[in-house]
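Here the protein sequences come in this chain order: A and B.
So this note's numbering is basically just the index in the first sequence, starting at one, shifted up by 18.
So this note's numbering is basically just the index in the second sequence, starting at one, shifted up by 11.
Source of the hints: derived by calculation from the structure; they are not laboratory data.
Any given hint could be a false lead.
[As the list claims (entries may be wrong)] Here are the simulated lysine to aspartate or glutamate pairs, EDC-like style, with alpha carbons at most 20 Å apart:
#1 Lys78(B) <-> Glu16(B)
#2 Lys54(A) <-> Asp69(B)
#3 Lys109(B) <-> Glu62(A)
#4 Lys53(B) <-> Glu42(A)
#5 Lys53(B) <-> Glu114(A)
#6 Lys54(A) <-> Glu14(B)
#7 Lys58(A) <-> Asp38(B)
#8 Lys36(A) <-> Asp103(A)
#9 Lys58(A) <-> Glu56(B)
#10 Lys59(A) <-> Asp69(B)
#11 Lys27(A) <-> Glu56(B)
#12 Lys109(B) <-> Glu70(A)
#13 Lys59(A) <-> Glu26(B)
#14 Lys109(B) <-> Glu102(A)
#15 Lys53(B) <-> Asp103(A)
#16 Lys109(B) <-> Glu114(A)
#17 Lys78(B) <-> Asp38(B)
[To be verified] Ranges between beta-carbon positions, derived for each pair:
#18 Gly65(B) <-> Pro79(A): 42 to 50 Å
#19 Gln81(B) <-> Tyr69(A): 27 to 35 Å
#20 Lys59(A) <-> Pro92(B): 22 to 30 Å
#21 Gly32(A) <-> Glu16(B): 17 to 25 Å
#22 Ser80(A) <-> Lys78(B): 34 to 42 Å
#23 Glu14(B) <-> Met33(A): 32 to 40 Å
#24 Arg39(B) <-> Lys36(A): 41 to 49 Å
#25 Gly27(B) <-> Ala98(A): 32 to 40 Å
#26 Gly70(B) <-> Glu76(A): 31 to 39 Å
#27 Leu91(A) <-> Gly27(B): 43 to 51 Å
#28 Gly52(B) <-> Lys40(A): 14 to 22 Å
#29 Thr25(A) <-> Ser108(B): 40 to 48 Å
#30 Ala79(B) <-> Leu91(A): 37 to 45 Å
Bear in mind that the values here come from a model prediction, so they are computed numbers and not experimental data.
Each residue gets a CB set at the ideal place from its N, CA and C atoms; glycine is no exception.
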Amino acid sequence: DTEVTQTPKHLVMGMTNKKSLKCEQHMGHRAMYWYKQKAKKPPELMFVYSYEKLSINESVPSRFSPECPNSSLLNLHLHALQPEDSALYLCASSQEAFGGQPQHFGDGTRLSIL
Amino acid sequence: QKEVEQNSGPLSVPEGAIASLNCTYSDRGSQSFFWYRQYSGKSPELIMFIYSNGDKEDGRFTAQLNKASQYVSLLIRDSQPSDSATYLCAVLYSSASKIIFGSGTRLSIRP
């Protein structure tokens with residue numbers, strides 16, 4: 019079991035739907051991340067939150083909207099996604115965003131866009 | 012030149028032997044290096060991290076770092092079938108303040 023919890027584990031949605039992915043950690047980490055991973059590719063960074071503030075947005079399309087309600091929670095709001103957005107979405111956390119400490123990943127949400 | 016390079020494999024190693032996984036990186040200022048193991052359909056799991064030149068051992072795993080050669084490796088002793096997975100090398104790039112992942116090496120341990 020990982021200490022970063024992601025829900026749901028699987029999500030199937032249509033291109034007009036609105037849904038949210040959730041991530042929670044209770045390790046006292048102050049940095050949280052969203053990654054996207056396609057099959058047989060490495061994780062691709064989307065967003066970095068440091069002390070609940072958005073620090074890095076890797077030019078992600080606006081149909082992905084991150085939110086960090088508090089230091090333990092991270093959401094990713096999805097709207098009007100495209101079939102190419104189907105992927106494994108990973109949340110990770112670390113003690114600090116730029117301190118060089120390891121990132122710990124959740125189990126991921128497997129997203130399928132119909 | 013890719014920022015973090017790994018041989019994609021597959022690397023086939025007999026059970027009980029030593030598996031050696033290699034990674035090179037281009038940012039000379041990088042200070043933090045990580046190895047993740049990823050089983051098919053699962054999320055990456057942290058195996059080792061190393062910050063200083065030399066070797067770092069944890070059980071059957073040894074990470075080796077040579078900053079002068081910009082090279083980091085992972086040795087797995089007494090390889091088991093359960094070690095069959097993709098191993099991702101990750102480097103914290105000082106210039107970008109983010110982790111860059113290699114494309115991963117697929118390791119297969121044959122009984």
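- [ ] Enumerate the violated hints, using their earlier numbering and listing them in ascending order.
- [x] 2, 5, 7, 10, 13, 14, 21, 25 and 29
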